[in-house]
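Peer 1: Counting from 1, position 130 in the sequence shown corresponds to residue 140 in the working numbering; the numbering is continuous, with no gaps.
Hints in this document: simulated from the structure, not taken from any laboratory. Ideal placement from N, C-alpha and C gives every residue a C-beta, glycine not left out. Any given hint could be a false lead.
Between beta-carbon pairs, the in silico distance windows are [as the list claims (entries may be wrong)]: (1) Thr221 x Gly87: 42 to 52 angstroms; (2) Glu166 x Thr221: 14 to 24 angstroms; (3) Gly246 x Arg69: 13 to 23 angstroms; (4) Arg188 x Lys74: 43 to 53 angstroms; (5) Gly72 x Ala194: 40 to 50 angstroms; (6) Ser91 x Thr191: 22 to 32 angstroms; (7) Arg188 x Glu73: 35 to 45 angstroms; (8) Pro93 x Ala194: 21 to 31 angstroms; (9) Ser55 x Ala194: 47 to 57 angstroms.
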Amino acid sequence: MPADLDAASAPPAGPGSAAASAAGAAAGPGASAGAPRGRRAARVSGDERESAILTTADRLLGEKDFSALTIDDLARGAGISRPTFYFYFASKRSVLLALLDRVAREASRRSAEVFTGLEDDPAATWRRVIAAFFDTFAQHPGVVSAVVGARGTDPELVEQWSRLLQGWIDETAAAIERERTRGAAVAGPDPRVLATSLNLLNERVIMAALTEPSLPAAAVDPVDTLLHVWLSSIYGVAGPAR
Numbered sequence: 011m012p013a014d015l016d017a018a019s020a021p022p023a024g025p026g027s028a029a030a031s032a033a034g035a036a037a038g039p040g041a042s043a044g045a046p047r048g049r050r051a052a053r054v055s056g057d058e059r060e061s062a063i064l065t066t067a068d069r070l071l072g073e074k075d076f077s078a079l080t081i082d083d084l085a086r087g088a089g090i091s092r093p094t095f096y097f098y099f100a101s102k103r104s105v106l107l108a109l110l111d112r113v114a115r116e117a118s119r120r121s122a123e124v125f126t127g128l129e130d131d132p133a134a135t136w137r138r139v140i141a142a143f144f145d146t147f148a149q150h151p152g153v154v155s156a157v158v159g160a161r162g163t164d165p166e167l168v169e170q171w172s173r174l175l176q177g178w179i180d181e182t183a184a185a186i187e188r189e190r191t192r193g194a195a196v197a198g199p200d201p202r203v204l205a206t207s208l209n210l211l212n213e214r215v216i217m218a219a220l221t222e223p224s225l226p227a228a229a230v231d232p233v234d235t236l237l238h239v240w241l242s243s244i245y246g247v248a249g250p251a252r
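Modelling step: build the complete structure from the supplied sequences, incorporating the hints.
Peer 2: In structure tokens form, the structure reads like this:
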């Protein structure tokens, strides 16, 4: 990662230089060349600065629209200068892309952690997976709102989101195939086609629940409704077999 841009880069003065002599005089006759120096402040790593920018963006998007967010806002919140900001990100748009990737990967990690026990209790397992996605994005409503607002005009953001969505579709399709193989799921559409439809449904419903306040109260927490559709589509109206 990039090194600290604010670190001093001047070469050290040699023992016979004027700078060294001046420093010795300023130290006084009692100073010793081997005297311990004060502890230096810990340097902030490039990773920490980049993370600080993303965390600041996440927080500020909960307070203002993406269009109102400025580079100065992000730099000030991260405790860096405006020139230093540009060492990590080319624009606030690139910050949004990185932030979307971070939130999406968090959702993937959380869903993977709970995606166990499908053979023992399919309904509970699928519910945990859907809830992991919803809960993760619900913790970052400003990011969701910014993504929804920018998708119509930002091809790169659309491409990145599609790439993330394809990963979730692959995982869902593989799980549906396993459930059919063991006789728990009913025959139906091609597993990948079904997985695509279910994940697109999740995407639309979850984003609407987090960005459209006019929706009825039941739609604000849509996990149970989504679960009903998923179970009916994968296992049939009779529910999943164990």
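Peer 1: It remains to establish, for every hint, whether it holds in the given structure.
Peer 2: Results of checking the hints against the structure:
1. Thr221 x Gly87: 42 to 52 angstroms: violated, 23 angstroms
2. Glu166 x Thr221: 14 to 24 angstroms: holds, 21 angstroms
3. Gly246 x Arg69: 13 to 23 angstroms: Once the Cβ atoms are compared, 45 angstroms apart, the range 13 to 23 angstroms for arginine 69 and glycine 246 is violated.
4. Arg188 x Lys74: 43 to 53 angstroms: holds, 45 angstroms
5. Gly72 x Ala194: 40 to 50 angstroms: holds, 41 angstroms
6. Ser91 x Thr191: 22 to 32 angstroms: violated, 58 angstroms
7. Arg188 x Glu73: 35 to 45 angstroms: holds, 44 angstroms
8. Pro93 x Ala194: 21 to 31 angstroms: violated, 58 angstroms
9. Ser55 x Ala194: 47 to 57 angstroms: Hint holds: Cβ distance 48 angstroms, inside 47 to 57 angstroms.
In terms of the numbered hints stated before, the structure departs from hints 1, 3, 6, 8, listed from lowest to highest.
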